[in-house]
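I would like the entire structure built from these sequences, with the hints used as guidance.
In case it helps, this note's numbering puts the sequence shown at residues 27 to 888.
Just to be clear, a hint being listed does not mean it is correct.
[To be verified] In silico DSSO-like links for lysine-lysine, alpha-carbon gap of 30 Å or less:
#1 LYS571 - LYS207
#2 LYS746 - LYS831
#3 LYS83 - LYS237
#4 LYS237 - LYS669
#5 LYS801 - LYS501
#6 LYS669 - LYS571
#7 LYS104 - LYS83
What the hints contain is simulated information worked out from the structure, not anything from laboratory work.
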Amino acid sequence: MKLIRLLLLRSLKERPLRILLSMFGIILGVAGILSMGITNQAAMAAITRLFSDTSGKANLVIVNASSDSIGLDESLIKVVNRQEGVGTAVPSIHATTVLANEAAPDELGMSMFGAETGGLMIYGIDPVLDFETREYTVVDGRFLSEETDAEEIVLVNTYADEHELVLGDWVQIATAYGVEKLRLVGLMDEQGAGRTNNGAFGVVPIETTQKWFARPYELDQIDIIAAPGYEGSSTIELLQDILQTRLGDEYSVIYPAAQGQRMMQMLGNYRIGLDFLSGMALFVGAFLIYNAFSMTVVERTREIGMLRTVGFTQRQVAVQILTEAGFLGLIGSLLGIALGILMARGLSQLMAVILDQDLSTVALPVNLVIFSGVIGLVVTLVAALIPAWQASRISPLEALRTRGLRKEGWIIRKGWRLGIVLLVVSTVLLLWNPFPNDAEFRVGGMAVTGLFFGGTFTLPAIIGSWERATRYLIKRVYGNSGMLGSRNIQRSKIRTTLTVAALMIGVAMMIVVWVMTESFKGDVEDWLAGYMGGDLYVTSSVNLKNDLWRRMMGVDGIAAISPVRYLQVEMVAPDGTEENVLFSGVNVAAYSQVTSFIFNETGDGSEEDAMNQLAGGNVIFVSSVISEKYGLMPGDQLQLMTKTGPHMFEVGAVVVDFYNQGLVVQGSWDDMGQHFRVRDANAYMVKIDESATVDGVMDRIDALFGERYHLVLESNQSLKQRAFQLMAQAFSMFDVLAVISMVVAFFGISNTLTMNVMERTQEIGMLRSIGVLRKQVLSMIMAEAGVLGLLGGVLGLLFGFLLSKLFLLSMATMSGYTLTFVLPMTRVVVGLIIAVAVSHLAAILPARRATRIRILDAIHFE
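Below you can see the structure in the form of structure tokens.
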């Protein structure tokens with residue numbers, strides 16, 4: 027053991043640059059996994075905290091099953107309180123408003139979860155009961171009095187400071203009846219319930235809120251705290267079932283965490299992609315480790331032979347190599363952890379912009395740190411197994427020659443058979459998707475990994491053919507010396523295979539990200555043209571009444587206005603599945619004047635017929651996502667839970683809609699009022715006259731109605747630009763991982779070419795002795811790099827194309843998203859150029875080493 031430690035220290039001292047290069051792949055891989063993991067957990071924690079702070083200590087929550095905009099009857103409190111097992115039923119009503127003197131924002135807030143108008147979130151509460159479920163930390167003044175009709179408010183201290191409000195001030199807010207005043211009696215810390223709406227939050231007595239927001243005897247939510255003895259998970263579940271049965275289908279009895287399920291699902295899908303690409307980066311890093319240790323074995327062949335001569339066993343030689351690998355893996359993992367923590371800070375800031383959530387508090391999960399470190403160490407040891415085995419097989423006689431003929435292994439000779447099997451099986455798995463409920467995409471991830479392994483195993487069989495196919499091109503570019511160099515890729519096929527595979531994966535990852543980005547962009551752009559129809563988008567922090575719609579029609583320069591209203595409803599699919607979707611209410615006549623739906627299926631009729639059906643009532647349009655997911659087509663029936671009870675609607679058409687992950691149905695304005703009792707709007711889409719300008723109309727609307735209705739006005743062109751910017755930021759996370767893979771591939775090529783130069787030292791010396799110039803030696807090495815780059819680039823393009831197709835198809839199968847495949851040819855060419863450029867840049871140092879070989883030194887090398 028002492029000798030092994032001495033040899034380890036000697037190896038590290040003699041090859042410091044090699045050590046750094048060997049660790050580089052592991053450092054980047056571990057850093058990628060850890061930083062993405064920390065960022066994902068911070069994002070998940072922010073979403074979870076958002077809803078846990080809202081419901082506090084509640085065990086169950088009761089909401090309206092038909093819509094989050096309709097609310098509950100106040101009499102429900104008495105029914106719930108009479109149920110055995112219910113300790114306390116805490117009512118609350120929610121309203122979004124703005125300060126009367128607060129200027130409207132210049133633009134809509136935009137995040138992965140949609141557009142936001144900001145504003146102040148008001149919770150109408152029972153001041154006595156609410157303390158039993160939610161946490162309020164009053165830092166100045168007092169909490170609300172026990173009177174439920176008192177005209178007072180408690181705000182979050184940061185929000186009050188931002189708006190220069192102090193204790194005793196009258197806080198003027200916009201209500202259903204105009205501007206009303208509340209006395210500011212207390213300030214709460216931005217903790218617990220104070221985190222709601224990112225701190226733009228206040229509490230008001232419940233009866234005051236009901237009165238001022240025109241919702242008498244209504245509630246939005248009832249939080250239930252179980253009675254003593256009923257706190258266990260099984261009894262809570264039983265209580266949930268009893269309450270659900272007793273209250274009926276009109277209400278939903280859910281766990282508090284279920285309120286954030288849609289946001290968690292959206293973020294979870296994004297996280298799966300990041301986790302998978304992080305794993306691919308580490309997968310590529312393993313190739314670099316293999317190449318580095320193969321190079322070490324080549325350099326130390328004579329040393330290993332000498333050790334075998336003095337009594338080292340094969341086992342001791344293997345242990346020596348694995349000990350070095352373990353040491354490098356340990357140091358690389360520790361450095362990767364440090365780098366990952368630093369990267370997590372920057373990625374968290376980017377994720378905060380994408381999600382529009384506060385991620386300033388980033389915890390360091392110990393289990394994730396340990397997992398990342400262990401993964402890095404294990405990958406290093408696994409990657410070093412083959413070089414360790416090769417080193418243990420070196421005999422003293424073989425060591426007399428640094429370069430000897432070695433018998434090709436089974437993977438080189440027949441591995442292509444296994445490769446074809448893996449390619450076929452992986453492709454079938456991705457297309458067939460036998461596990462549609464695999465939410466974490468584990469089977470899909472394994473299938474994609476199988477594709478890469480399959481491609482890697484088939485490489486040795488095509489290396490010779492590729493070299494022959496490119497001879498003419500290589501000769502034209504590099505001359506005869508280039509042809510000599512290109513043939514050297516067949517000297518160590520396994521080394522060439524792994525080098526090309528690393529480059530192939532890097533290019534494939536870039537192509538997948540580019541194709542997915544362009545495909546999303548193409549379809550989303552078409553959808554946004556309808557979703558953000560017209561020329562202006564007008565919204566507010568408070569819902570817009572119909573009188574504003576009529577008054578705005580008199581503004582000079584406006585040709586048409588279409589109101590839009592979104593409300594969350596519960597859908598019962600034909601198979602009995604219950605799912606929350608968004609109901610989008612539109613005035614069909616006005617909508618047709620401003621924009622149009624993007625129709626996917628209209629049945630036997632035309633698009634005009636479908637619009638007439640929608641206007642006639644009892645008809646809805648469903649998104650292509652819902653259609654794919656539940657097999658719904660025009661003419662089918664779909665049940666929605668409404669204010670008047672379950673109601674069957676006929677599916678009039680299938681349309682493209684990506685909002686809310688595509689879980690959207692469209693209905694008429696009249697149906698929304700009749701069945702859901704909702705008649706106000708979230709926003710107006712405005713079409714202006716050809717003779718008017720967007721800025722001019724915006725100024726006139728703002729001057730007439732902006733301050734009174736707290737309007738947010740933005741041109742649709744600006745909204746679309748910011749939507750695409752947000753999408754680009756989201757995909758930039760994937761670009762980072764693709765770049766990491768290309769950097770690792772760069773070092774892999776450099777190592778491979780350096781090893782090839784070392785093995786051919788005497789050969790290069792002999793060529794130099796018969797008149798080969800340094801320039802020709804340089805061409806020889808660069809030609810070898812060019813062949814590797816071309817092969818890796820072309821295979822990367824093919825795999826990227828195939829993976830992109832498979833990803834889009836599997837996405838359609840799993841989630842219902844059907845995107846139009848868009849192959850950006852300009853970027854395809856750029857991907858190939860990058861592959862060739864990376865291979866040539868990586869060849870600079872090995873080529874310099876080859877040109878500096880002195881003839882006499884080379885002849886005596888062995």
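Straight-line alpha-carbon gap LYS571 to LYS207, limit 30 Å: The hint holds at about 21 Å.
30 Å Cα cutoff - pair LYS237, LYS669: holds (21 Å)
Straight-line alpha-carbon gap LYS746 to LYS831, limit 30 Å: holds (26 Å)
Hinted pair LYS104 and LYS83, Cα distance within 30 Å: holds (21 Å)
Distance restraint between LYS83 and LYS237, which requires alpha-carbon spacing of 30 Å or less: Within the cut-off at roughly 28 Å; holds.
Agreement of LYS669 and LYS571 with the hint, judged by alpha carbon distance not exceeding 30 Å: holds (20 Å)
Pair hint LYS801 and LYS501, alpha-carbon separation not exceeding 30 Å: Holds, at roughly 15 Å.
The earlier numbered hints are all upheld by this structure, with none contradicted.
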